Amino acid sequence: MKLEIREQKRPELSEAAKAEIARVIAQYPEGRQKSAILRVMHIVEEEAGGWLSPDTMDMIAEILNIQPIEVYEVATFYTMFNLQPVGKYVFEVCRTGPCMLVGSDNIIEYLEKKLNIKVGETTEDKMFTLKTAECLGACGYGPMLQCGEKYFEYLTTEKIDELIEACRRGEVKGNKVV
Amino acid sequence: MGRKLLLEHADVPGIETFDVYRKHGGYRSVEKALKTMSPDDVVEEVKKATLKGRGGAGFPAGMKWSFIAKPEGVPRYLLCNADESEPGTFKDRYLMEHIPHLLIEGMIVSSYALGANRAFIYIRGEYMFVLRIMEKAIAEAYEKGFLGKNILGSGFDLDLSIAPGGGAYICGEETALIESLEGKRGNPRMKPPFPAVQGLWQCPTVVNNVETLATVVPIINLTADEYTKIGTEQSKGTKLISASGNIVRGGVYEIELGISVEEFIYGDDYCRGIKDGKKLKALVPGGSSVPILPAHLITKTANGDTRMMSYESLSDGGFATGSMLGSGGFIVFDEDQCIVRNTWNFARFYAHESCGQCSPCREGTGWMEKVLNRIEHGKGTMRDIDLLADINKKSEGNTICPLGDAAGWPVAAAIRHFREEFEWHVTHPDEAVKRNYGMLKGSLAH
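These protein sequence lines map, in sequence, to chains E and X.
With my numbering as the guide, the letters of the first sequence map in order to residues 1 to 178.
With my numbering as the guide, the letters of the second sequence map in order to residues 1001 to 1446.
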């Protein structure tokens, strides 16, 4: 865990994000605002370009009126949060049993070749990050990957080519560039 | 095609909206329960229906409800477990995506039964697109007076909201889910005290699976007497099955409990057989944690009886020759699949998902993954096969939550039924590596 990265300044939260944060905190009883932490982290991560730096996490602690360590310990437990910078598009390919039975290993291998990176890496142009994920709940429609909030299912090598082209044309919702 | 109680209207265009859902009989159970039944009547009805928890453990839901403590002046909470993460399981996603109001309806009736005025849905973070569908439906239900203050003039209040997780299988364990909903790491709690006494914010809490809560709706609408006419002696009603693996048509199917496994795999209404005309090799019938069954124990039990899709028939023979219905995550393997590779894959999953607070699980899952990795990649020894059984024995029952057990069961079952395949990997290391490579190339079917 590289908590020493402090190169990113705190993100500017949009008015919409601020309103959304206020709405979700209000869903919990007085004094239980910490319960909103995961939702707030998802919102702030999106505003911060897809990852949480220690500075950003400190900001979340201030929003929720809790200690920074309480955010760090949550951020390092849940696998969805990126604690290092990622590309504009993060491909998370499901690699668990049912997807493996229908060829997820081939999909991962194809993406590694196509993007010329290994799992866990980001392309030089900062466009794509390739990750693997454990079961994403699309077992009957595999192989599949998640990019942003969207699931791409019944993947083939042709469909991956199309997806990458669509990303390059800006037709797929990616991380904010901050 | 059997009777459908949950997904009957799932294909109706616009069913995700309040108006269309209402037009197809939606929210009738709320009217019936709040206007004509006491909370205890609802609990009794669910008990009488012998509804078993649909998340995987199969604990009777009515009984779970009856444990809830009712101290004066202390709020009670109902939590819906939508953290669906068991490999092979995607039924709750289907239900929420297609017919979100059914879950809301079930939660209103269930909260009324428990005397809970605050309920939360905890959904896995990766399902953010489903969370947005649910939030829209919740807002509609508020607007139409089915959530909020004094629902239908009954004097019953209920607030409902939905919270996302952040990517952690362990949060499907109910006390880990509660910890997570309190904004902490998802480490399961020691029990007792059980959530029914001290759950969310130390208040009495019930945690139920999505499908369990949705099933309360047909039970109230039909009455328990009618509901229990569907199914078998010990498995009443219908169940959502998530079908995946090497089958012609994967997806979510609602079945009447008690149809044969053979019909489910080969029937036109369901999976339509094994893909590419291949032979059936093995089956994991209830999510990755349950024992795998070899071909000769799938359509028939060890006694030669027809194997049925029911709690009792799938577990017939115990762990020696049976398995479990579990979450209904039905994973089918064709003849070309490597059991060792799949067992290693599942072991890697559990090692990744162990929360790490109990050493037998944290170390045991890691060791099992390493040993299986070794065997799969042609570097194992015969002793490794027994070592796996030994690790399993040492962690089983020695952890706070059942993840440690769940991690060991698929390994133990795979060795029990496919030992020669593990031994073959040890005696033919070069071929094992090559064969897997060939298998993977060939399996990219789409």
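None of these hints come from the bench; they were simulated from the model.
Some clues are possibly wrong.
Claimed, not checked - FRET-style restraints, in silico, Cβ to Cβ: (1) X:Asp1040 <-> E:Glu30: 27 to 37 Å; (2) E:Glu158 <-> X:Gly1155: 52 to 62 Å; (3) X:Gly1267 <-> E:Ala166: 36 to 46 Å; (4) X:Pro1013 <-> E:Thr156: 45 to 55 Å; (5) X:Phe1129 <-> E:Ala17: 16 to 26 Å; (6) E:Glu30 <-> X:Lys1149: 14 to 24 Å; (7) X:Glu1182 <-> E:Glu149: 49 to 59 Å; (8) E:Lys150 <-> X:Ala1057: 52 to 62 Å; (9) E:Ala166 <-> X:Asp1305: 46 to 56 Å; (10) X:Met1063 <-> E:Glu15: 26 to 36 Å; (11) E:Glu162 <-> X:Asp1269: 24 to 34 Å; (12) X:Asp1040 <-> E:Gly170: 54 to 64 Å; (13) E:Ala19 <-> X:Pro1013: 30 to 40 Å; (14) X:Pro1075 <-> E:Glu121: 24 to 34 Å.
None of the values given here were measured: they were computed from a predicted structure.
Note that beta-carbon positions come from the ideal geometry of N, C-alpha and C, so glycine has one too.
Hint check, failures only: Those not satisfied are hints 4, 7, 8, 10, 14.
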